[in-house]
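Using the sequences and the hints, build the whole thing.
Below are the chains, spelled out letter by letter.
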Amino acid sequence: MNRTPRPVRGWTFYGRLFAATFELSAFTFGGGFVIIPLMRRKFVEKFHWIEDREMLDLTAIAQSSPGAVAVNASILVGYRLAGLRGTLVAVLGTVLPPLITLTLVSFFYDQFRDSRIVSLVLKGMQASVVAVVLDVVYVLARGLVKQRELVPILLVVLSFVAAAVLHFNVILILLACGLVGALTTLAGHDPRDVEEVP
Amino acid sequence: MTLLKLLWSFFQIGLFSIGGGYAAMPVIQHQIVDLHGWLSLPEFADVITISQMTPGPIAINAATFVGLRVAGLPGAVVATLGCVLPSFLVVLALAVLYYRYRSLKLMKGILAGMRPAVVALIASAGWTLLVLDFWKGQRISIDLASIDFIAVGIATVALVLLRWKRINPILVMAGAGIVGLVAYCATGAG
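Protein chains in written order, with my numbering: chain A, 1108 to 1305; chain B, 28 to 217.
Source of the hints: derived by calculation from the structure; they are not laboratory data. Predicted model only: the values in this text are computed from it and were never measured. Some hints could be false.
[To be verified] With a straight-line Cα cutoff of 27 Å, these simulated DSS-like cross-link-like pairs (lysine-lysine) come out:
1) B:K132 with A:K1253
2) B:K135 with A:K1253
3) A:K1253 with A:K1153
4) A:K1153 with B:K192
5) A:K1253 with B:K192
Here it is in structure tokens:
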């Protein structure tokens, strides 16, 4: 199969994978999609372990599967990079930060909940998360526009309205777009290869 | 016995919370508050608040918190395991299918259709966060007094640092936390 070569799977690799997932999980507040932009920067831009399109495919799978998106995404990235062993390392890295933090927090439950300092720091961090997400949306949208095809751009706009304005079910949106993709393929349109990165 | 109950309960939470995040909340509440009475409703609300303030998915946070309460550290580990197990099984199965069939023409078409949707979903999540952070009333208004200018400033500077200076997002976020603390304290806002 013609895909980006897997990185060498030695101790250094597993150490890096663990450190990367641990760091990503430790700095992802509120869960959900926020971890995807951070993962993309790490695994696509920094390590060059995964390609942009593949990352989007993995995100679609992570989002439509049961459980937390962050956990699902690390299962996929781990599996992609080093099979079952990679999955275990990535999941451990993802699950440990909340496990440790919540254990500590539950000891100082009342003080933590009422701390003004904690809530102000978190407020500042949340504002920067907006920037992290917007940055990634810009990069991904630019990639789509460069394809110069009508259907993907139309799908982005419609999906955004369906999700942000109409609050449609996320899985429904993914399935509908998948269906459109399948129909255009059956109608004779040749879909681009995963490996063809613009 | 308690550990088994925790495992099974959080296995169901993991299995039925598709879409993650807030989609998981009603499922968690049903299992933990209504069914087993492991937490009271106000305690459950606290767990949600703490989840938003600490790293990690809500379900994993709830698993750790409830597990600790009910059976100490083993409880936390077992509950977390139960929460992750369904993902493990389903996602791995899908991953195997994806890598086996993604070179099929039809599969490529489906994925090509889904990719724009994922971009839109990330944008939508960003939009929700933006509204939540920039407008104190949590809904858009043209009233200037309701806009949190500190948050707007932090986000703008952060975007410049990320996009044009290519600074590590983790560093940007940590810096934003410190700036937020100082700025909100200095202005008496927040």
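Outcome of the hint check:
For the suggested pair K132 of chain B and K1253 of chain A, the alpha carbons sit about 22 Å apart, so the restraint of at most 27 Å is met. Note on K135 of chain B and K1253 of chain A: the hinted pairing holds, with a Cα-Cα distance of about 19 Å set against a maximum of 27 Å. Under the criterion of a C-alpha separation no larger than 27 Å, the hint pairing K1253 of chain A with K1153 of chain A is consistent with the structure, at around 22 Å. Taking the CA atoms of K1153 of chain A and K192 of chain B, the gap is near 15 Å; set against the 27 Å cutoff, the hint holds.
For a cut-off of 27 Å, the pair hint linking K1253 of chain A to K192 of chain B stands: about 23 Å separates their Cα positions.
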